[in-house]
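> Build the full structure now, drawing on both the sequences and the hints.
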Amino acid sequence: MRYSGLKVVTEGLFGNRGWRPAWRDPAPKAEYDAIVIGGGGHGLSTAYYLAKNHGLTNVAVLEKGYLGGGNVGRNTTIVRANYFLPGNSEFYSHSLKLWEGLEADLNYNVMHSQRGLINLFHSDGQRDAFARRGNAMINQGDDAELLDREGVRRLLPYLDFEQTRFPIYGGLLHPRGGTARHDAVAWGYARGADRRGVDLIQNCEVTGIDIVNGRVTGVQTTRGAIRAKKVGIVVAGRSGQVAAMAGLRLPVESHILQAFVTEGLKPVIDHVVSFGMGHFYISQSDKGGLVFGGDLDFYASYAARGNLPMVEHVMEAGMTLMPMIGRAKLLRSWGGIMDMTPDGSPVIDRTPVDGLYLDCGWNYGGFKAVPASGWCMAHLMATDQPHDVARRFRLDRFATGALLDEEGTGSQHNLH
Amino acid sequence: MRLTCPLCGPRDRREFYYYGADDYLHRPAPDAPPAAWDDYLHNRDNPAGMLRDLWYHEAGCGQWLAVSRNTVSHDITAVECVAPLRPARKKAVRNED
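Residue numbers (the numbering used here), protein chains in the order written: chain A, -7 to 408; chain B, 3 to 99.
Hints listed in this document are in silico derivations from the structure and should not be mistaken for laboratory results. Beta carbons: idealized from backbone N, C-alpha and C, even for Gly. One or more hints might be untrue.
To be verified - One side only, chain B facing chain A, incomplete, derived with CB under 10 Å:
#1 C10
#2 R15
#3 Y21
#4 G22
#5 D41
#6 N48
#7 S75
#8 E82
Written out as structure tokens, the structure is:
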């Protein structure tokens, strides 16, 4: 069924009786050409592009819970391409271009809203660093505009410009940055993959990975054994456990990152605003809630809920930046499980096991990467060669020293 | 979250700095092959369950602590001082010529 405005109107006129489930609920077959472990944003987009770009439709996505029930449903929905380092820059640039065509491609409203992202700076040195980052973004072919204090004031008059700890010197505007509806991204990719013949198998937990003579031959699951010559692990925070089934130890430590949403308000924040010095960023959802977050809780955790010190810290940073939000009531908070790598950049690579591929290490930036991650992972699984824009996301870069340390803080687990 | 420091008693999480899994206690020999150093510095078991990790009582007694902790429930079962856990270091031999 193709979705359109006309379809919405006609269904509305006839009691909405014509809608059908957006994807099938198939039983697992005994064998597939390729298996993607993980039915989140990255796994679903991998399956979609395997089918669409490479004609591989005898594919299964195995999800232990329900589709989109992990981080793709638990993030703060920001889409941007403001990376600096070669290796990251072209990858996120590619991803943003895919975002811009995503709704037409998927025939699904993912509510992608390019409302502009503003990164604030608070010193001369930080302004120089942001000017340099903006130049890198422009060189990459994306957009960036350096705003002075008055330029920021015109766009964001509600900020506290007089605060003494971090006086606002200006901001780097990324006009094509913005947000999208996170669940819809998962659902859109799921529907697109299903329509091309991919089997989306939910409530199917992988319990083992079968390897014979260094080659993957299939997986063991709670719904029986499934054979496949190609298996992709796309499980974000659970990467360590799934990789361990293949005898691999990964450069990944899973941490908790909290996010918060207030009650619905009338439109008040038109952009995505990030206040790096206070570890705080905020946007307003189309439903009206202020969606904001801060830094990691900074200890290894799978609890999917955080601790109070970080809640307090985020609220303090928000009040420092924009005191007007002080009277909004906080509706809920949640935690996502982040697959943190030592240098803060991801991995899309082969593993020492033939036919076993890895897409992990998205740290706290996986949502914007969903389209390009799937695009590049599908390319890797189909051709056995890394995609050009993801060629530096290597698993062995910590051993070789070819790091992608965007923050420049070092290659160590507790630094990103 | 509170950690019970063996020296200071139960203290707020904010007094502690987190370092990471106790892999850091198993430093390879200086002449170990690069793969051993890569594994020591970067690779982690990253369990969903019991983990022993290292915390520094930064705003307290300054002890490094090994905390046995469940990463799913956040239950803490043991907190020990790191110092007695570390293998005794050989005394440096000074060349005096």
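> The structure should be examined with respect to each hint, and the outcome stated for every one.
Going through the hints against the structure:
1. A cut of 10 Å between beta carbons decides the hint on C10(B): the least distance to chain A is about 18 Å, and the hint is violated.
2. Contact between R15(B) and chain A, as hinted, is supported at the beta carbon level, the nearest pair being about 6 Å apart and thus within 10 Å.
3. Annotation: interface hint on Y21(B) holds; nearest CB of chain A at approximately 6 Å, less than 10 Å.
4. The restraint placing G22(B) at the interface with chain A holds, with a minimum CB-CB distance near 5 Å, inside the 10 Å limit.
5. At a threshold of 10 Å, the smallest CB-CB gap from D41(B) to chain A is about 7 Å, leaving the interface hint in force.
6. With a least beta-carbon distance of about 3 Å to chain A, the hint placing N48(B) at the interface is held under the 10 Å criterion.
7. At about 7 Å, the closest approach between the beta carbon of S75(B) and any beta carbon in chain A falls short of 10 Å, and the interface hint on this residue holds.
8. This hint is violated: E82(B) has a C-beta 17 Å from the nearest C-beta of chain A, more than the 10 Å allowed.
Comparing the model with each earlier hint shows violations of hints 1 and 8; every other hint is respected.
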